[in-house]
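Visitor: Go ahead and model the full structure; you've got the sequences and the hints to work with.
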Amino acid sequence: GAVVSQHPSRVICKSGTSVKIECRSLDFQATTMFWYRQFPKKSLMLMATSNEGSKATYEQGVEKDKFLINHASLTLSTLTVTSAHPEDSSFYICSARRQGINNEQFFGPGTRLTVL
Amino acid sequence: AQSVTQPDIHITVSEGASLELRCNYSYGATPYLFWYVQSPGQGLQLLLKYFSGDTLVQGIKGFEAEFKRSQSSFNLRKPSVHWSDAAEYFCAVVDSGGGADGLTFGKGTHLIIQP
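Chains as they are written, first to last, in our numbering: chain H, 6 to 121; chain C, 112 to 226.
These are calculated hints, taken from the structure and not from any lab test. Be aware that a few hints might be false.
[Unchecked claim] Only some residues are given here: those of chain C computed to face chain H with a beta carbon under 7 Å:
no.: 1; residue: Arg-133
no.: 2; residue: Gly-154
no.: 3; residue: Gly-170
no.: 4; residue: Trp-194
no.: 5; residue: Gly-213
no.: 6; residue: Ile-223
[Unchecked claim] Below are the DSBU-like pairs computed for lysine-lysine, each with C-alpha atoms no more than 30 Å apart in a straight line:
no.: 7; chain 1: H; residue 1: Lys-47; chain 2: C; residue 2: Lys-160
no.: 8; chain 1: H; residue 1: Lys-47; chain 2: C; residue 2: Lys-172
no.: 9; chain 1: H; residue 1: Lys-47; chain 2: C; residue 2: Lys-218
no.: 10; chain 1: H; residue 1: Lys-47; chain 2: C; residue 2: Lys-179
no.: 11; chain 1: H; residue 1: Lys-71; chain 2: C; residue 2: Lys-218
no.: 12; chain 1: H; residue 1: Lys-25; chain 2: H; residue 2: Lys-71
no.: 13; chain 1: H; residue 1: Lys-69; chain 2: C; residue 2: Lys-218
no.: 14; chain 1: C; residue 1: Lys-218; chain 2: H; residue 2: Lys-25
Idealized CB from N, CA, C, for every residue including glycine.
Guide: Shown next as structure tokens:
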């Protein structure tokens, strides 16, 4: 159990377009999901915490109008990169925290975004 | 703010040799501690975690880690590595009382296995 999926796994888009990434908890309910960004050869940096039914909480330095997060149900959170620029190219990973389990997060396989 | 330090960016180990990856954290209280492994282009797989209790924790794939409060460390060990262990390893912490906080990761250690 505790499987998290992400879609798409890879996406290439043109500058100025918007890209939506989905994160789903397949076999459990997640009131809280997290979005991380990983640059090449770098660690994962927390971007935002997504809470079902409420606004996301963004980390310092992350533009909330640039990275729109929606957590509409207990099994789905979406990250939309708006007006994408080449510097937004990165590996985006989501995680989901299972209800009742002490802060154990289950990670998705990641989405590789390339902005041309 | 909490931080995690993995002092070794790269480590090269011969297959069959023992392994220790270092992790130190900076935090006022005892956090929850994790080790994850990431293969190229992949997501993260949890190796083991420490919440409380016995300070020596066993994980998957033959890994173990020991929490040492006095040293603020949570080093990962394996007695005999296999070529398939080559990957990126991340230590991570989260506030044990924070509830919904995301993880803070170290910069990772790249493990290379020599034949």
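Visitor: With a cut-off of 7 Å, does the beta carbon of C:Gly-170 approach a beta carbon of chain H closely enough for the hint to hold?
Guide: Violated, because the Cβ-Cβ distance from C:Gly-170 to chain H comes to roughly 13 Å (cut-off 7 Å).
Visitor: Hint check: H:Lys-47 vs C:Lys-160, CA-CA at most 30 Å. Holds or violated?
Guide: Given that 30 Å is the threshold and the Cα spacing comes to 22 Å, the pair holds.
Visitor: Answer holds if the nearest beta-carbon of chain H is closer than 7 Å to that of C:Gly-213; otherwise answer violated.
Guide: The hint holds - C:Gly-213 has a Cβ within 7 Å of chain H, the shortest such distance being about 4 Å.
Visitor: Checking one constraint from the list: CA of C:Lys-218 to CA of H:Lys-25, max 30 Å. Satisfied?
Guide: holds, 27 Å
Visitor: Under 7 Å, Cβ to Cβ, is where C:Trp-194 needs to be relative to chain H, so tell me if that hint holds or is violated.
Guide: violated, 22 Å
Visitor: Measure nothing beyond the straight line between the CA atoms of H:Lys-47 and C:Lys-218; if it is 30 Å or shorter, mark the hint as holding.
Guide: Given pair H:Lys-47, C:Lys-218 holds - Cα atoms ~6 Å apart, limit 30 Å.
Visitor: Is the straight-line distance between the alpha-carbon of H:Lys-47 and that of C:Lys-172 30 Å or less?
Guide: holds, 24 Å
Visitor: Tell me if C:Arg-133 is really an interface residue toward chain H, meaning its C-beta lies closer than 7 Å to one of theirs.
Guide: violated, 15 Å
Visitor: Going by Cβ atoms only, is C:Gly-154 closer than 7 Å to chain H?
Guide: C:Gly-154 check passes; min Cβ-Cβ to chain H is 4 Å, inside 7 Å.
Visitor: Does H:Lys-71 sit within 30 Å of H:Lys-25, going by the straight-line distance between their CA atoms?
Guide: holds, 12 Å
Visitor: Is the straight-line distance between the alpha-carbon of H:Lys-71 and that of C:Lys-218 30 Å or less?
Guide: holds, 25 Å
Visitor: Does the structure keep H:Lys-47 and C:Lys-179 at a Cα separation of 30 Å or less?
Guide: holds, 26 Å
Going down the numbered hints, you'll see the structure goes against 1, 3, 4, 6, while the others check out.
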